[in-house]
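With chain A held as given, fit chain B onto it using these hints.
Quick note, the sequences are listed as chains A and B, same order. When we follow numbering that gives the first Met the number 0, the leftmost residue of the first sequence carries the number 0, and every step to the right adds one. When we follow numbering that gives the first Met the number 0, the leftmost residue of the second sequence carries the number 0, and every step to the right adds one.
Bear in mind the hints are in silico, worked out from the structure with no lab data behind them. Quantities reported herein were computed from a predicted structural model and do not represent experimental measurements.
A few chain B residues facing chain A, derived, Cβ under 10 Å:
1. L418
2. S425
3. A596
4. L600
5. I707
6. A775
All C-beta atoms in this analysis are idealised placements derived from N, C-alpha and C, irrespective of residue type, glycine included.
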Amino acid sequence: MNLFLPNIKKFLLLGLGVFLFSACIDEIRLDIDADQAKITVDGFISDSLRVHSISLSNSSVFGVGNDNIQPPISGASVGIRDGVGNFFSFEESTEAEGTYERLMAGDVGQTYQLEVSLPDGTEIRSKPIIMPRRNELMGIDFEQIERTFINTAGNVSTTVELIVKIDSELDSQDRPFFRWRTGGQFEFHENYPMALSTKWCYISETLDFNQLELLDAREIEGNELRKKKILSMALDSRFAWQYCFHIRQFSISEEEYTYWSNIQEILNTGGSLFDPPPGTVKGNLFNPADENEQILGFFSVASVSYKRYFCNPDILNRFIDPKCSAIPFRPQFPECRDCSIVLGSELEKPDYWIP
Amino acid sequence: MGLYFPLLHSQTQDSVQYQTFGQEESATAEEYKLSGTVINANTGQGLTGVAIAVEAISKGSFSKSTGRYNLKLPPGKHFIKVSLFGYQKRYFEIKLYADGNLPIVMVPVEFEMDEVVIEDESASSQVKREIGGLERMSVLQMERKARLLGETDVLRSLQSLSGVSSVGEGASGFNVRGGNADENLILQDGALIYNPTHALGFYSLFHPDLLSEFQLYKGGVPAKYGGRLSSVLDVKLREGDKEKFNTKGGLGIASSRLSLEGPIKKGKSSFLIGARASYLDWILQSSRNIDLKKSEAFFYDITAKIDAQLTPSTFAGFSLFTSYDDFQFAEEVKLDYETYTGRAYVRQLIGKKNSLNLDASVGRYVSSLFDVQGNTQSVFETKIDYLRFRLNDLISFTENHSFTFGIEGDYSQVSPGTLNPLNSESQILPKELPIEKGLTLSAYAEEKFAIGDWLNVSLGIRYSQFRNFGPGRVYLYEEELPKSSFSVRDSLIFGEGEEIASYSALEPRISLKLNMGENKAIKMGYHRSYQFISQISNTASAAPIAIWQLSNYHIEPNFADNYSIGYFQEFLDGKIESSVEAFYRDIHRLIEYKDFANLLLNESVETELLVGQGRSYGIEFYFNKKSGKHQFEGNYTYSRTQRQVEENAEQGGINDGAWYPSNFDKPHILNFNYFYQINPRNNISVNFTYSTGRPTTAPVSSFRNSNILNIPVYSDRNGFRIPDYHRLDFAYTTSFRSKRIKRWKSSWTFTVYNLYGRRNAYSVFFQQRPSQRVTAFRIAVLGTVFPAITYNFSF
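Next comes chain A alone, as it looks inside the complex (with noise of 0.2 Å):
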């Protein structure tokens, strides 16, 4: 029952708000020993026609060299197999070690299974799973809400938080489980005092790193989902010129389903008193030589319903103030100047932007 997961944590927050004058957070000592390295597996293919990658490390061990890194595995020989005995082989990319790269299109309805054989003779296997049936993504319904809070100086601010929802059909045989990501671009114009000649710039950006939206369509009533929010972001100068919204739905599998809202739970292990004791999360990854053995990660097999979805001042009927002023005393940023320093920034127009 993940639809309540994260409301019970909201009852629980506000039980603590009734003391937050009191609450504080600090930073303590606690004698973490280290972990040994496990082999991770980050796989996914789709039916849609693409380049699709398979990334291979080791997980982070924390305590040992850089936290942060995982170490690539390099050399190893990938490949995904289908249910009608199809090879499909991918090779290693030569611009990221460790990871594995083929284009192809997967078809709804069959059946994969990765195979992965490591330089030190490890055979790794996913469980086989089925490609479930596309669900396409309908529409996109767009809620302003106005939210004050206070700021460090003390005064009341107000900020407005965009509120993105979607809606799908849902196939009424097999039930679906979704999972959504997110992506944005949004046009940018330099401007700055005296400004001789200016550019625009086309900046693409991530919107949900470290977030997951997922639901279990049992739990809906009827063929078509109604405005499910999937994001929550804030309507600021970004929206100034044109902002495009990349939405990919994901159909996946029910195991699929199960092991990103296992990782969701697992983000939001607060350690309080009222969380589940967390766990180890398990993927679809097996060692057929030593099943006991643990393999982080999952290898997805989804179908992909992907829209485009346009956001400007006209569609949100509110003027958003552009970050690049040509009026002196206002706040100047590099990039007024020069837009393309921006990380993910390009100066093409794409070619499906809206004149």
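Showing chain B alone in chain A's frame:
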């Protein structure tokens, strides 16, 4: 019968009563026996632990559990003082020239701490009690314990006792000698309470002004109690004043309370009614967080009780209780939980030695979680209803020999969960899990007797038969495979009233008290207990919406064997008492949970459970200087509580089948209380508590998957501990009497909770910053000094 009640209204409580037994001329023996029964004037029940003292010749005795007492005195005139904490003292001047029978009626008093230096008398004497592991605490003693926001609180006071702990600040419930919170039988005036907390665990449900005392059986549990493994908390409401009307109340910064009492028919019947309500919203409003400003937190409770003496030998009454908690977080989620109980009793005295008691109670606990946003607006509700009755007969053959037997029935109906959309825009599918029904029928008997002056024996036996009955569906699973939706091989359908599962339980209860003179005793106890209903929760402290699960086809009742032995000694005529007590508990068929168990709205919840065993053991040291202006009380407990879930074909294990600490394993717990009665109107109390930090599970590595960075990989369960907990509290009370209104009495209590502002960890979480090691952070909820002021009044 006639011996008791002609005295009832003729005895003036403050004056001396005179009585002569036999003729002086005929007195030839060196000693004569004075005996009788001490009873409560309101209920007719025998009173235990009443001190009958002849101070001039340093002779005395205490009444037994039946109220009987026996005292050998030389012939002549004696001045007798009769006292029991919480009752008006009685004085008799007797002339004893033959064996005599002196019935004594004690009238309960309302405690008025501004009047006297209260001395904790024999009623709470550990040496005199017949069983080990029994704790008693009056309201007055509770007022000396730690008080959050100035509130006198049963559960917080309970945690100052040896062997009692909680998972942490704000935990819902308490743990006794290593038991789970749901393993405590909690009774208020005989009615069963499923959730004893308000405000998500920060307050207890019990109105302090309406209580007389509570008793906690943590060691030897009498045969009349059953159904829980760990302990019995019996919270007793007092009876309303049968003579005059009284009002009592208090105004605090978080809640206020009011109670009224008085006679319905003077001397024969009384009422008592009280209510409490919180106003925590102002605290939320003072927050800098806008979501909290839009939130609500509120609770109230109402208690009402009527007691009546129908005939000289018949007593009856009933009580009603309701409580309600409501929380809403911003405009997103809302939680309610409610408790309702009703209880009626009839007590019939049959002759001088027999009393027949009939109790019946009904109750309901319901919790609702509302999702109030978006297209998932819905309400999830769980509910438990019960109906209980108990008929018991107590026969007192002699002062030292009594026999109790009785029968008990408990019908429970559990609704494990319903989910309903809140409006037409919600896309939530309604869902309802089948209602579960269980009936427990029990019979019990207990005999108490003495062998000479050196040994008191209590032998009890309790037999219970539990039935889970339909309608219902039971899934059958492939043998030798873990229970899951993939291993279902068949299902059984049961009709209305058809038996789904049945279990019987035989529970022996033995207590021995070896008297080593007046002031020393060794007590030993063993009891086995079964539990047919458990709270299904895999969190360290169960949330209010956690479901209660009856034993059924797949879930067998768990049971425990409890052993204890202790040495008790008093010094300085009982002014100082001390004890050391060791215990061991073996828990069988302990329920544990799979990782990421899905426990809500799960029709086959057995697929999420693991079965293991538990053990807890420890030693408790206790010291109490309980009289005088300066009073000290302290205890230290060393204990361990551990779990083991072994891996087999039907289930995976936890921590490779090794023993691991439970969530509330706190090896060292120290409590200390100092009370100073400055003068009759002013007093100070100071409390200190220390405990080892509770176990937790920490991450040891991490990995990235898709857009999720740093997914933690955790250590063995409960492989680490959060920092140790300690806290110092202070309270000062000053009392006043109104010169204009004679009956008006009031007091101000200033309390400081967490005097030195210790940031005790409520929770510990882990974060990994870029290019840095994982770091542990603690959230301290009550992490600063908490001053409060409370105004109390009565008239």
